[in-house]
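Peer 1: Following the hints, put chain B in place on chain A, whose structure we already have.
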Amino acid sequence: MSKLNETDIQGFVLRGYNLPVARYLFLEVVPHENVRLFIDKLLPTITTGEQWDNGRKPDSTVNIAFTHKGLKLMRLPEESLLSFPVEFLEGMKARGPILCDTGRNGPENWEEIWREERVHIWVAVNASTEEELESCCARIQQRIDATGGSRVIGEQDAAALKIDGQITPKEHFGYTDGFGNPDYRGFERDSQPGQGKLMPDGTWAQLATGELLLGYADEAGELPVAPVPHLLANNGTFMVYRKLHQNVATFRRYLEEKARLYPGGKEHLASKFVGRWRDGTPAELSPDQMDPSVVKDKSRNVNFTFGKDPKGTSCPIGAHLRRVNPRDAFGFNGQLINRRRVTRRGLPYGPYAPEDQPVRDDEQRGIAFMALNASLARQFEFIQQQWIEYGNDSHQGNDKEVLLGNHGDLEGRSKFMIQGTEDPKNPPFLCGGLPNFVELRGGDYFFVPSMTALKMMSTGTVDPR
Amino acid sequence: MPNQSGSVYGLTILSPILDDPHAKVSHDLQIRMYLGGLKDERSPFAKVSSTHMARLAVLNDVVYVGMPACEEHLRSQYLVFESNFDGSLDEYLEKMAVEIPEDVDAVWGHCVGYPGTKSIGAFQAYMKKCQITTTFYFADVNDKTVNQTLRALQTQEAVGVFIENNQGKPAEELRQAFAAFLEALRAAPGPIPGSGLNSLGRLAAGMEGITRHE
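As you go down the protein sequences, you meet chains A and B in turn. Note that the working numbering numbers the first sequence so that position 186 is 186, with each residue one more than the last. Note that the working numbering numbers the second sequence so that position 148 is 148, with each residue one more than the last.
In case anyone wonders, no lab produced these hints; they're calculated from the structure. Owing to the predicted nature of the structure, the values given are computational and were not obtained by experimental measurement. Just so it is clear, CB atoms sit at the ideal spot from N, CA and C, and this is done for glycine as well. It is possible that part of the hints are untrue.
[To be verified] Below, a list of computed lysine to aspartate or glutamate pairs in the DMTMM-like style, where the Cα atoms sit at most 20 angstroms apart:
1. B/Lys-47 <-> B/Asp-90
2. A/Lys-425 <-> B/Asp-90
3. B/Lys-169 <-> A/Glu-257
4. A/Lys-266 <-> B/Glu-164
[To be verified] The calculated label-pair distances, taken between Cβ atoms and stated as ranges, are:
5. B/Arg-42 <-> A/Gln-385: 18 to 28 angstroms
6. B/Pro-170 <-> A/Glu-411: 26 to 36 angstroms
7. B/Pro-68 <-> A/Asn-109: 31 to 41 angstroms
With the rest of the complex left out, here is chain A (with noise of 0.2 angstroms):
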């Protein structure tokens, strides 16, 4: 395929900006004509996915997606509303049996602006410093206080976490994050091996454009369902936001309590959990000890697959990663997963919390969690429902994700399953009574639009005809 048009596409989709800091600002839409105007004045802004060749980088970078409401109120015609997929159409909130959002992690104990659906636009900004941060935002306060037509009722700080003065890409539990998300056909960035999808000579490959962007041939060669007309959608994207708060008290207390019993040590049992040690090295690559050398090396880090250890002695067949993104542990050479793959962006909120200092449950720690990808259903809504809270495909009966999973709904007779050999440090070993680790707190589906798309609803000249 020919080369994407970097311009027209929002920076936040073609990759992670990698700056420290970000706020997320949620807007309720007051039904005015004026909120056309605010879109209009913040355009020059958004930051695109524009190379950033020889030291370009901003300081700062703005990017901005729609709930479906939020696209109401811009007064989309009729006929393009109505045109869009089912799930983005009824929102996050509607989707919850199916996301098994229920029980501790239902509406009932979301933060009020989403259980509400008081959230009509997202407004992301990423910066280098707090300061740059707060002169963009103050920048944007600016525009919607002279344009009027929306009002900013939430925001949502997230930073990397700093440890020891040093940013980091560590979350709260203490794992190090944000390894490989897939690489796509015509993106122009390093890529990985590893990311992708697998091919049958075990090398790696970019998966079709169309499973982020709209407008594009997806892995089954059709086009994802999108709004008309064409121009709307092409070049956007899905995002799922979801504010994913951790019970880090209860996190550090089961861990402790069941490495007391587990040979191989609490940091073993940890990396048994994710299939990463906390330091990032992957369990399959080296399932007895950390090696930083493999996590600095792209050319590992991500670069494995299961095929070899079917039994899950190196990475439990219910490991996190295992879970979310299976490679070839389906069989037929990884082809059953190329569907289901989500980019993945965010960041912590909440201070860090050094191992040896106390933790509560309800103190402010978690992860502001977006997804990006062509199909809600098809791809987050599927990874959610089938790999997180049923366990069906990996062989997991009804167990669910470990870390992720909402255990809570089980009455403690949730549990995870770690496969072992003889080897006296790495025996079976089955952690029971798993308690909800990671709790929703709210969170929505958007529509991330193009430029071109962003200029249409801003002179209100979508045109579905």
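Peer 2: Quick look at chain B alone, frame taken from chain A:
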């Protein structure tokens, strides 16, 4: 033999539905209404305990999808019955006639030439006449009987709880606990086919005494 996959039999039956221009409610609709009314109850096939999976559907016609396909029609509407079960076809049909005659008659009573369940021989002959060859099976069929499958699930869940309660214990203590567990498991009644799952998605019956959480 395509109808047999290991020990499991795959039955596919197409029974033509009566076409009565004088019927106040057409026969296909009457079947749909009856089947629709079953949705909140236990399946009648739970009583035919060798059933792995059974499915009933009304096939109205082939769907014309527009040009360039050519428009074709079936000569009749059909009741589609698919079942994967253990044992022989004759035994299974006999169980249907004996265990759930009211349900069978209420559904197949709307089909052409249906003789009823009173004469088991006539019922078996009718069903076989409507039979077509099965080539695809319910994906879960794995050459185990319903009872073997339920017993395995029961054992799996019980072993999980046993491990959780006992892992890390000294060898002798573990050995004694396992011997006691094994005895309890062997003595436990098997799960009842069709008894379904409890609110936690677990087997509802046959778990008492062997899965107690400490």
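Peer 1: Does each hint hold? Answer for all of them.
Peer 2: Quick rundown of the hints versus the structure:
no. : hint                                        : result
1   : B/Lys-47 <-> B/Asp-90                       : holds (17 angstroms)
2   : A/Lys-425 <-> B/Asp-90                      : violated (55 angstroms)
3   : B/Lys-169 <-> A/Glu-257                     : holds (15 angstroms)
4   : A/Lys-266 <-> B/Glu-164                     : holds (18 angstroms)
5   : B/Arg-42 <-> A/Gln-385: 18 to 28 angstroms  : holds (26 angstroms)
6   : B/Pro-170 <-> A/Glu-411: 26 to 36 angstroms : holds (30 angstroms)
7   : B/Pro-68 <-> A/Asn-109: 31 to 41 angstroms  : violated (54 angstroms)
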